[in-house]
Amino acid sequence: MSAARFRKTLLAVPWVWAALLFFLPLAIVVKISLAETAVGVPPYTALIDHGALRATLANYRDVFADSFYAGAYVSSVKIAGLATILAVLAGYPMAYAIARAPERRRGLLLLLVTLPFWTSLLIRIYAWIGLLRPGGVINAVLESVGLIDTPLQMINTTAAVCFGMVYAYLPFMVLPLYARLERLDPALVEAAGDLGATPWRAFLSVTLPLSLPGVMAGALLVFIPCVGEFVIPDLLGGPDTVMIGKVLWSEFFSSRDWPLSAALTVVMMAVLVIPVLAVQRTLGEEP
Amino acid sequence: MRRIPWLGLALAAGLAFLYVPLAAVIVYSFNASRLVTVWTGFSTAWYGELLNDRQIMAAANTSLVVGVLSATLAVIVGAAAGYCLARFGAFRARWLFATATIAPLVVPEVITGLSLLLLFVAAESAVPFLPGRGLATIVIAHASFSMATVALIVRARLAGMDREIEDAASDLGARPFTVFFRITLPMMAPALAAGWLLAFVLSLDDVVIASFVAGPQSTTLPMVIYSSIRLGVSPKINALAALLVAATALLLGCAALAGRNRLSGRR
Amino acid sequence: MPAVIRIEGLTKRFGDVIALDAVSLDVAENEFLALLGPSGCGKTTLLRAIAGLETPDAGQILIDAVNQNGRAPYQRPVNMMFQSYALFPHMTVADNVAFGLRQDGLKGAALTDRVREALARVEMEALGTRKPQQLSGGQKQRVALARCLAKRPRALLLDEPLAALDKHLRERTQLELMTLREKLGIAFIVVTHDQDEAMGMATRVAVMDRGRILQTGAPRDLYDRPLNRAVAGFFGHMNIWDGAVTGTDSVACAAGTVRVADPLPREGAMVAVAVRPEQITLRGPENDVGSNQITGVIAEVVYGGTVSTYFVRHGEHRLRVVRQNGAGAAFRRGDTVTASWPAAAVRVLAP
Numbered sequence: 025m026s027a028a029r030f031r032k033t034l035l036a037v038p039w040v041w042a043a044l045l046f047f048l049p050l051a052i053v054v055k056i057s058l059a060e061t062a063v064g065v066p067p068y069t070a071l072i073d074h075g076a077l078r079a080t081l082a083n084y085r086d087v088f089a090d091s092f093y094a095g096a097y098v099s100s101v102k103i104a105g106l107a108t109i110l111a112v113l114a115g116y117p118m119a120y121a122i123a124r125a126p127e128r129r130r131g132l133l134l135l136l137v138t139l140p141f142w143t144s145l146l147i148r149i150y151a152w153i154g155l156l157r158p159g160g161v162i163n164a165v166l167e168s169v170g171l172i173d174t175p176l177q178m179i180n181t182t183a184a185v186c187f188g189m190v191y192a193y194l195p196f197m198v199l200p201l202y203a204r205l206e207r208l209d210p211a212l213v214e215a216a217g218d219l220g221a222t223p224w225r226a227f228l229s230v231t232l233p234l235s236l237p238g239v240m241a242g243a244l245l246v247f248i249p250c251v252g253e254f255v256i257p258d259l260l261g262g263p264d265t266v267m268i269g270k271v272l273w274s275e276f277f278s279s280r281d282w283p284l285s286a287a288l289t290v291v292m293m294a295v296l297v298i299p300v301l302a303v304q305r306t307l308g309e310e311p
Numbered sequence: 238m239r240r241i242p243w244l245g246l247a248l249a250a251g252l253a254f255l256y257v258p259l260a261a262v263i264v265y266s267f268n269a270s271r272l273v274t275v276w277t278g279f280s281t282a283w284y285g286e287l288l289n290d291r292q293i294m295a296a297a298n299t300s301l302v303v304g305v306l307s308a309t310l311a312v313i314v315g316a317a318a319g320y321c322l323a324r325f326g327a328f329r330a331r332w333l334f335a336t337a338t339i340a341p342l343v344v345p346e347v348i349t350g351l352s353l354l355l356l357f358v359a360a361e362s363a364v365p366f367l368p369g370r371g372l373a374t375i376v377i378a379h380a381s382f383s384m385a386t387v388a389l390i391v392r393a394r395l396a397g398m399d400r401e402i403e404d405a406a407s408d409l410g411a412r413p414f415t416v417f418f419r420i421t422l423p424m425m426a427p428a429l430a431a432g433w434l435l436a437f438v439l440s441l442d443d444v445v446i447a448s449f450v451a452g453p454q455s456t457t458l459p460m461v462i463y464s465s466i467r468l469g470v471s472p473k474i475n476a477l478a479a480l481l482v483a484a485t486a487l488l489l490g491c492a493a494l495a496g497r498n499r500l501s502g503r504r
Numbered sequence: 557m558p559a560v561i562r563i564e565g566l567t568k569r570f571g572d573v574i575a576l577d578a579v580s581l582d583v584a585e586n587e588f589l590a591l592l593g594p595s596g597c598g599k600t601t602l603l604r605a606i607a608g609l610e611t612p613d614a615g616q617i618l619i620d621a622v623n624q625n626g627r628a629p630y631q632r633p634v635n636m637m638f639q640s641y642a643l644f645p646h647m648t649v650a651d652n653v654a655f656g657l658r659q660d661g662l663k664g665a666a667l668t669d670r671v672r673e674a675l676a677r678v679e680m681e682a683l684g685t686r687k688p689q690q691l692s693g694g695q696k697q698r699v700a701l702a703r704c705l706a707k708r709p710r711a712l713l714l715d716e717p718l719a720a721l722d723k724h725l726r727e728r729t730q731l732e733l734m735t736l737r738e739k740l741g742i743a744f745i746v747v748t749h750d751q752d753e754a755m756g757m758a759t760r761v762a763v764m765d766r767g768r769i770l771q772t773g774a775p776r777d778l779y780d781r782p783l784n785r786a787v788a789g790f791f792g793h794m795n796i797w798d799g800a801v802t803g804t805d806s807v808a809c810a811a812g813t814v815r816v817a818d819p820l821p822r823e824g825a826m827v828a829v830a831v832r833p834e835q836i837t838l839r840g841p842e843n844d845v846g847s848n849q850i851t852g853v854i855a856e857v858v859y860g861g862t863v864s865t866y867f868v869r870h871g872e873h874r875l876r877v878v879r880q881n882g883a884g885a886a887f888r889r890g891d892t893v894t895a896s897w898p899a900a901a902v903r904v905l906a907p
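Protein chains in written order, with the working numbering: chain A, 25 to 311; chain B, 238 to 504; chain C, 557 to 907.
Since the hints were made in silico from the structure, they are not lab data. Glycine is no exception: its CB is placed at the ideal position from the N, C-alpha and C atoms. Hints should not be assumed to be uniformly reliable.
Per label pair, the in silico range of CB-to-CB distance [stated by the list, open to error]:
#, chain 1, residue 1, chain 2, residue 2, range
1, A, 51, B, 253, 21 to 29 Å
2, C, 573, A, 237, 35 to 43 Å
3, A, 237, B, 276, 45 to 53 Å
4, C, 766, A, 84, 54 to 62 Å
5, B, 371, A, 78, 26 to 34 Å
6, A, 78, B, 285, 56 to 64 Å
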């Protein structure tokens, strides 16, 4: 077979796959978001009914007019943003410490950081519930030491959600940061010191600016999944923790409002399009 | 380089943050008491009960089947996509191709789940005699996003691979398909293995997408775990969690060992 | 001798960069041709185009008078030894060598015989079961060579074959490549950026720059009779002056009147004249101002073992002179000297 035919054959596999499982579903979501709810299977009206186009923007109006939905987007971005900042604060020293550890130990340390990622997220969140809940390990310890009388309410709070997100996505922050810091020539910091900079000064004016691309990559990899997260807010969050992933889930499964869920999805994609494109640039096209 | 003591401390604290909860789960899985926090003695009773739980065992079986099938499918499609991105230079609509390949990795699970469910529903009404939702739909849905991970790993591997090796094969008389199957594919093998493993783990981890696309007859292990976690902490789930952690550690240990043997053979 | 490879007007662009600019070249059946030039001059692109790994935008390549345009690398009767050697890391040495033969449908005893023969030729038959990772740099190079030779190509293409070897091994390998080619009697085309390497191995050198071939010839001719500044500059140093033709055998330039033995263009034409540093003699200062000599002060002496290099300041120019140490009187920095050269040593270059 010739090189050209080989190329065509190999390209066709992912193209067909993407057309069927990426572009087509998105098109269907957009289509359903323009329909109305109906009683039946499937529970929405057809877009073309007896030759007439029946599209409505009512679902989008609902999404934007109802402060509940708008608030859910805002609070999702806020919570995800807070979790991202916390992940930077926790992940930077870790990545830095690994990058400066003796070379033979770096592999093991990296493995230790990534290992939890390979364990089920559900199990890891479950582990936190065991620690945080009233009557959980932390409360039990604090009570037995006599620091508190009544159990602290740690679970089912927005703080717990942030905490859980940092826990779940910390490896995503540490890995790109480490990759960046590890490539940094140690002679640069030594040169800064030689020129009279204190270690802090050298860090602030040499290491930190040069590692910013790593911070950005890590931040995006934490922020994007956090915005649409369902499991963590559902299991660790309280009644006042409103996140869009959870709202979408309940609109779909409890209210069975497919057109509204589709509209919420389209808007969520719009919210995420810029960060996703940024990831695309760093992950997708960097050689 | 000078040592900074608090850096080591920060690393230790970070690792503790990652591992203490898991350690607690494992310890309490051996607790005799039904009350989860009160330690009354060492027992493996919960493991016995777990293994006798029909529902959990059936779900575990479903998850393994879904994991193996979806990882295999993901490797096939992902390897092709990663190869195209790494080796075909600028082809028509490359940016669209790259987007469709990489984006599933970062699209939130609820969106992937919802959009694929809507696709499957539409397909059922459009194509008669199509089997309803079940195992197959979960397999396809999982492969649709884990394929992106495989593509990334494969592309990174190919980018680090000397292109002259493929040129040499061609120069020695091998046709494009021969070059791909005899040279490129074997050299991509570590990336394919890593990609398969990651796809398998991602499939075993997912509860959101499976909840959307699963049929009434097919329940995966995470779906069972999820619904029982919602009911509260139970010692049986502790035991299951401990087993899963142990299995993961074992699997990764083997993978790391295999990787190390390859490396020591190389140099 | 018949041309085994004929290149006609070959042009290749990469975006805005022109890698090959209408290159034409014949390679004879039994010659060792070196493509010499700085990095980015197009020499590797030319080699890859012959192998079929680059598709030219214009022009053609004929191998044994057969046009190769549109023929894939796996259809061409030439083989290439890559700079990185490009050994297949997942195959043994013997499997690497057998790979190309298997593509030709060879099997069984015929295959093993050819593999053994090729490995024996490079004295590697004992290491057939090793993996490439277990070989030294020199051994890898031999396997890469054997892998090409096993195919019995019409010409062997070598991309920087010595670049990855250390200095000591490089000299030995250079000699081995020369003997090997004489034994095989096929054309070798080698790409190199090192003029010593090119002059040492090749029977003919093509000097390339910016996608063009500047000059081809035997190494000695290129050194003695460069056609232009780029070629002159590529082989060692030359003292070059710009000037104008003043008669049938004289050029006026910053070095005064220079008499030339070579033919000159018509009077008034602008040319450059050049003299090799080792063809200039130094003696004590003389007052008579003749042609082909200048008087100046020694600004610098660089000692170099068997020879020393003197820099003689003359107006704004610094004349470079190389002298055998111990031959004649020694001069020191600050001495005034007269430097002279015979008319036969003067080369005329395109300006």
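These are the hints, each one checked on the structure:
1. The hinted window of 21 to 29 Å between residue 51(A) and residue 253(B) is violated, with their beta carbons roughly 47 Å apart.
2. The beta-carbon spacing between residue 573(C) and residue 237(A), approximately 29 Å, falls outside the hinted interval of 35 to 43 Å.
3. Between residue 237(A) and residue 276(B) the beta carbon distance is about 48 Å. The supplied range of 45 to 53 Å therefore holds.
4. The hinted range of 54 to 62 Å is satisfied by residue 766(C) and residue 84(A), whose Cβ atoms lie roughly 60 Å apart.
5. In this structure the hint that residue 371(B) and residue 78(A) lie 26 to 34 Å apart at CB holds, the actual value being about 32 Å.
6. For the hinted restraint 56 to 64 Å between residue 78(A) and residue 285(B), the CB-CB distance of approximately 59 Å keeps it satisfied.
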